[in-house]
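One line per chain: the protein sequences are A and B, in this order.
Going left to right, the first sequence walks through residues 1 to 164 as full-length UniProt numbering numbers them.
Going left to right, the second sequence walks through residues 1 to 760 as full-length UniProt numbering numbers them.
Errors might be hidden in some of the hints.
Claimed, not checked - Restricting the straight-line Cα-Cα distance to at most 30 Å, the calculated cross-link-like pairs of lysine-lysine (BS3-like) are: (1) 74/A x 5/B; (2) 5/B x 153/A; (3) 119/B x 6/A; (4) 56/B x 126/B; (5) 29/B x 9/A; (6) 161/A x 5/B; (7) 29/B x 6/A; (8) 132/A x 687/B; (9) 9/A x 74/A; (10) 15/A x 29/B; (11) 428/B x 755/B; (12) 132/A x 119/B.
Hints were generated in silico from the structure; no laboratory data involved.
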Amino acid sequence: MPAQYKLVKCTINGKYTETMVDVRASLTDLLRDDYRLTSVKKGCEVGECGACNVIIDHECFNSCIYLAVWADGKSITTLESLMGPNGELSDIQQAFIDEAAVQCGFCTPGFIMSAVEILESGKEYTRDELRKLMSGHLCRCTGYENILNAVEKTMLRRLGKLPS
Amino acid sequence: MIIGKSVTRVDALDKVTGRSKYTDDLCEKNALVAKIYHSTKANGVVTSIDTSEAEKIPGVVKIVTCFDVPKIYFPTAGHPWSTDPSHQDVADRLLLTDRVRFCGDDVAAVIAENEIAAKQAIAALKVEYEEYPFVLDVQEAMADGAPCLHEKYPGNVLGHSSIRKGNLEEAIKEPGLIKVDQWYDTPVVQHCHIENHICFASMENGKISVVSSTQIPHIVRRVVGQALGIPWGSVRIIKPYIGGGFGNKQDALYEPLCAYLSKVVGGRLVKLDVTREETFVSNRTRHAIRSHIISWVRPDGTFAARKLECFSNQGAYASHGHGIAAKGMNAFPQLYPCENIECDAYTVFTNMPVAGAMRGYGIPQAMFPVESQTDDIALAIGMDPVEFRRKNLMPVGYVDGFSKNENYYDTFNQCLEKGKAYIDFDRKRKEYENQTGPVRKGVGCSVFWYNTAVWPISLESASCRMVLNQDGSVQVQLAETEIGQGADTAFAQMTAATLGIPFEMVHVISCQDTDITPFGTGSYASRQTYVGGFAIKQTALLLKERILKYAYELTRMPSFNLDIKDGKIVRTTDGRELMTLGELSTEALYSLSHSEHLTSESTYQIKSNAYSFGCCFAEVEVDIPMCKVKLVNIINVHDCGQLINPALAEAQVHGGMSMGIGYALSEQLLIDAKTGKTLNDNLLDYKLSTTMDHPHLEAQFVENYEPTSAFGTKSLGEPPACPVAPAIRNAILNATGVSMYQIPMTSQALFKRFKEEELF
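The whole structure should be built from the sequences, with the hints applied where relevant.
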């Protein structure tokens, strides 16, 4: 085995994995190529657009500028993990559908994963705070309006401030 | 009624679960990877390419240079082909070229076993050039002695068209006229769909197959055939879900090259994945158009005469060509009809990145100068800008002689009323009259002109196929592509409404395959619901006729006394439900006496077009010492006829407004005047709007049923991007008294103008 390969042990969507990775590979490459988790999208590959966003140990990262070898010992969550065992959608996925927050859908997985991080904080944010928290993502289709509506309504529902 | 209902998008579930497959998600992992060497010179000739070092890199499979490819010139524009040679698109591209015309031109390609080897080999190519002087500015490119880009176009003018009406020379002699004379500039911007263009090609069964992120599969099939000099039927294009297009993917981009590269390695699978940097420079951009408008206005606020000259910067290759500037120019005399008009539009080659189609197709570039000047005139004659518009806008009953488009309703006034009410325009104009502080507020508005689809400039036709399944559900196929706008959902609604079946029983086949999908030209010109609607209605009625004919055999009832309602065969004379459509279609397929597969397929050629109008109102806060604009409120009002799906229509407007806000305030592709190289070819330096740059985006509608349309609809895809920049510009004028003559209105641009106007 050439020296540029390394064994990475990490948990992906709740499942323990061991993968030999090229030390030059990004986490995006690992997730897309080795595990076919194709919700992780490539829009710029330099951390500008947010399409490749995943959660690593409860924190969002652009996986395109996160080396695969850094994932060793970490727990990674992608959009594919959100659906329940019987096909139940998570509340934030349902909200993206209900609020017409999806158009071409290419930025959607990244946005939803940032929303998950925000929602899991259990905090209530103002609309302006939500704008700031979501500002690492680019979307050319929606003008962000319905995406913000989906995140805000789900947040308020989880806090019991809006009926389910 | 399913039409007019905000049903959930048919693709929403797959998109929120990450299941929907885009081009890269479908590519086999063992694909060879292709990378392109782009010209580093803005103008010149490649004299030699030394590939020896590149060939030594492990993993390199093949290097193809401009000296290897066939000298077949082909057009790239996503236009319907014309069988009349005089109307065909300009064929000025080669797969790879030794005659380079901009920094970013395609010179050589490497095929390798992996991306790193391909990139290393590109870096190892030694390319020698003979450099020519280059030109980036339109006026300079038109001047005597300017470098000539294409031998066939001495003087660099790709296209020139004009409009003459009345007698301008005589009209301007009228005493007491007020003359407003100004130049306006719009920038080069880029589409910035989040999925870059990507394609992969391989050969199967003697055919070359290309899976591509494109808006126009059937057009790309033709262009690949032309570029490679192979029969068009031996090309197969597959379009899966695409991550946005906005017109950039309304060109054949790298499908021809990718197909060729696969061919030279024996039909093996080759993937060509374009980087963000290449998307900015080597795909297509929006034309920068410089406009000069002179208006002679009477003190009562009517036009005596108007003159427009516009100069469109085409960049290095023709792509969509003169059509964009011509469309912008043609809008001018229609929007504000005037007896004496002179218009000229020029499209000019320069050594800039290639401009092509982009959302609005020349109208955002036209509305900025036209609607900026509207406010400048209103100010000059002391009239309220909305009242001035009302006095001069295209009247109800106006018919355009060329397109035969008619303004059937009082759309402009209805839209202006809604916009004014939402923004509280009159009260705020008064409130903001005498501001003196460092931070000043203002409100502004703009209208826009748009039409629907491309008739009579070009072919408009749509084909549709419907297939009845055993359970009474229906498959629908059209060549009008889903590119994120929600076309598939609107098509499903139209099908359900016409056939009389529940929405859930319609399955639109989204992925397109030119071997299977009926022929059609794709997604552009805001044509989908209008053009697709005709084919859907005709094909659904044909299928319904066949179903009811079969129902006669099963029920003994004449088909003229039968209808399909909510998926059931109903006797209209007493309303009795005789059987379900599922029962009928199961019987039809499995009957031992008369088995029939009930399907329908038809083409509808559209020979009409439809005006689509509306307006934007914006409110801003301008920090004068900081030269900063904060957009605090904005509304677009559209009359796109009957709404098929109000929630999706609203979402479409949001996206267009967002693009308009970027056009007004932050987006500009910057080219280095010394080298011709693009300075900000990435999403960090090119300022796309983020969540932080928008206020709430308000979208409202006036629904006047379009009488020429199959479902009462007309264009909505592109229009929302058209009026935003001038509305914001006019709000800045209201706040500061300063007229801006160029976009984007960045701090640097505002500083220059505020200084000129002695605001500090």
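Between residue 9/A and residue 74/A, is the straight-line Cα distance small enough, at 30 Å or below?
holds, 8 Å
Regarding the pair residue 29/B and residue 6/A, is the alpha-carbon distance no greater than 30 Å?
holds, 20 Å
Mind checking the alpha carbons of residue 15/A and residue 29/B for me, to see if they're no more than 30 Å apart?
holds, 23 Å
Would the hint linking residue 161/A and residue 5/B be met if the CA-CA limit is 30 Å?
holds, 28 Å
Do the alpha carbons of residue 119/B and residue 6/A lie within 30 Å of each other, as the hint requires?
With a Cα-Cα distance of about 23 Å, the restraint between residue 119/B and residue 6/A holds, given a limit of 30 Å.
Is the Cα-Cα distance between residue 132/A and residue 687/B 30 Å or less?
Satisfied, since the Cα-Cα distance of roughly 16 Å is no more than 30 Å.
Straight-line Cα separation of residue 74/A and residue 5/B no greater than 30 Å?
violated, 46 Å
Would the hint linking residue 5/B and residue 153/A be met if the CA-CA limit is 30 Å?
holds, 22 Å
Could you grab the alpha-carbon distance between residue 132/A and residue 119/B and see if it respects the 30 Å cut-off?
Between residue 132/A and residue 119/B the Cα gap is close to 36 Å, so the pair fails against 30 Å, i.e. violated.
With the threshold set at 30 Å, check whether the alpha-carbon distance from residue 29/B to residue 9/A stays at or below it.
Holds, at roughly 22 Å.
Sort out whether residue 126/B lies within 30 Å of residue 56/B, counting only the CA atoms.
holds, 13 Å
Distance restraint between residue 428/B and residue 755/B, which requires alpha-carbon spacing of 30 Å or less
holds, 26 Å
Hint compliance for this structure: hints 1, 12 are broken, all remaining hints hold.
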